[in-house]
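Given next are the chains, with one letter for each unit.
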Amino acid sequence: MPTSGAAGVPGRPTGRLGTRRVRWGERFVVALLFVCGALSVATTVGIVVALAIPAIEFFRTVDLFDFLTGTNWSPLFADAHFGVLPLVVATLVTTFWALVVCIPFGLGAAIYLSEYAPDRARRVLKPVLEVLAGIPTVVYGFFALVFVTPLLRDIWFLPGDPPSTFNALAAGLVMGVMILPTVASISEDAMSAVPRGLREGAYALGATRMQVSMRVVVPAALSGIVASFVLGISRAVGETMIVLIAAGNQPNLTLDPTEPMQTMTAFIASAGIGDLPTGSIGYKTIFAVGATLFVMTFFMNLASARLVRRFREAYE
Amino acid sequence: MRWRERAFAALLFVSLAIGIVSLATLLVTMIVRGAPRLDLRLIENFPSSTPSLAGAQSAIFGTIWIISIVALTVVPVGIGAAIYLEEYADRSRWWNRLIELNIQNLAAVPSIVYGILGLAFFARGPLGLGPTVLAAALTLSLLVLPIVTIAGREAIRAVPDSIRQASLALGATKWQTVRRQVLPAAVPGIATGSILALSRAIGEAAPLTMLGALTFVQFNPDGPLSAFTALPIQIFAWISRPQEEFRTLAAAAIVVLLALLLLMNAAAIWIRDRSRQRW
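These protein sequence lines map, in sequence, to chains A and B.
Here this note's numbering is used: the first residue of the first sequence is 1, the next is one more, and so on.
Here this note's numbering is used: the first residue of the second sequence is 1, the next is one more, and so on.
Heads up, some of the hints might be wrong.
[What the hints assert, rightly or not] Listed next, the in silico SDA-like pairs over lysine to any residue satisfying Cα-Cα at most 20 Å (straight line):
no., chain 1, residue 1, chain 2, residue 2
1, B, LYS174, B, PRO160
2, B, LYS174, A, ALA31
3, A, LYS126, B, ILE69
4, A, LYS126, B, LYS174
5, A, LYS126, B, VAL182
6, B, LYS174, B, ARG200
7, A, LYS126, B, ARG157
Since the hints were derived computationally from the structure, they do not count as laboratory data.
Produce the entire structure from the sequences given, and follow the hints as far as they go.
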């Protein structure tokens, strides 16, 4: 890009190169565009302020240590307890089951699309897969409740009781399907960025397609693949409607996915629906849990962005 | 080909098929369950406690109101940010890197957190709009702003530099170059990104529940400061009721919502394919 636009007025000698008339209209436009960009910073500041101030007030009444280690969550009852562990454990349980679906199958789909699928098939299959990511989560929640849970109850063969009407397992599995295209898409991008020379070198040495995929392409794209996993975890931790509809909404400290549970996001949403009076301890609790959730997902997103950047720089 | 190779290939294909089979199952389930109520009552009637009389008219109009305002705010601001970052921002300045980092991070913030932001700033707090169309639209605008910006940047980046050089060489100013050469060339990419962002906003329920959106609204919104309900919220409300008739109704409304979203997706893909330009 040239550094100077108009070089000067014709017929009059200009001083040095780059001197020019100040164009106020241009400056105004740049300022306006800068404001548009800066709005994202304002949003982040807004989020932090919105979460931090009520959360700090909350932690004046409730001890942070008790909050983080307490096993009893009943903030809206007369006999209020503020132990966030049941919500955190429920979040981790649903996230775990989502990952059981989206990591192996997302990676498998990515390898297929990148290494095996003919070009025409990829151009059809990838958009179809991406439609999954565009389906509203309220729809997934309904699907988990009226299709997946009954299916699990019918085919249940493991020891122990079959899942109850509301359970973490169905919510987690459906969440995994929702996240699958994200994992597949980012992993596929990372694998497509691996230079052809590496593959051709391996093929020239007599490697099979599977060996090239697993021993050359996947290791070379590893940082991008791991980034897609981290982003998937972050999506699962932050997902709300599926768990709100299908997982039950009862704070329940257990690792058994067949039982109903309440995740952090589900608590926030159900407390929000309850229309709590501004300033009450219940209202502040939303922000305390929201801040916990934001901090968790923020660091995961940061890690994911770092890893994506690393793989982008590797082969340019 | 050895059997391990074949098994591996089959396994990969199954991985891909799981997603696609789930999608097909989901669509079929919704259509089958919703079929008994997929009729005009859904559009003509307002929510009602009698399932056979209930419809989603106020939710449909609420969604139209919200999406119109989201489009009006998010498209210009998102494109503005994209132009700034691609054409003007000097990446060696810390504030420009900060803006970039922020947009990336905001794209991955859970939607419920935007709901908290909307609750604290738009519905209550400084703006105090209450649970209105405007509060909902502003919340959703911030939610999808990073999507529009990121898509806009990619579209602008794809315009080759020679176009800009030629325009500047003819004496156009920087802004004239951007406005008359770069932006028109980037329109298809920007349009695709905007449609996808709006389709995301149409389906969001979590942030709206935080604002205190009502679910039993027997009137259509008459302005930005009107109370509202929206399709995903209405669907959620019907799902939460125990009666089977309401779940049928929820499935029918889901079919309407999905049809709308698939149409928008198809439009985005169509625009992208039709305008693929080789420079």
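Outcome of the hint check:
1. LYS174/B x PRO160/B: holds (15 Å)
2. LYS174/B x ALA31/A: Holds, at about 14 Å.
3. LYS126/A x ILE69/B: violated (31 Å)
4. LYS126/A x LYS174/B: violated (38 Å)
5. LYS126/A x VAL182/B: violated (29 Å)
6. LYS174/B x ARG200/B: violated (34 Å)
7. LYS126/A x ARG157/B: violated (23 Å)
The structure fails hints 3, 4, 5, 6 and 7 (numbered hints given earlier, in ascending order).
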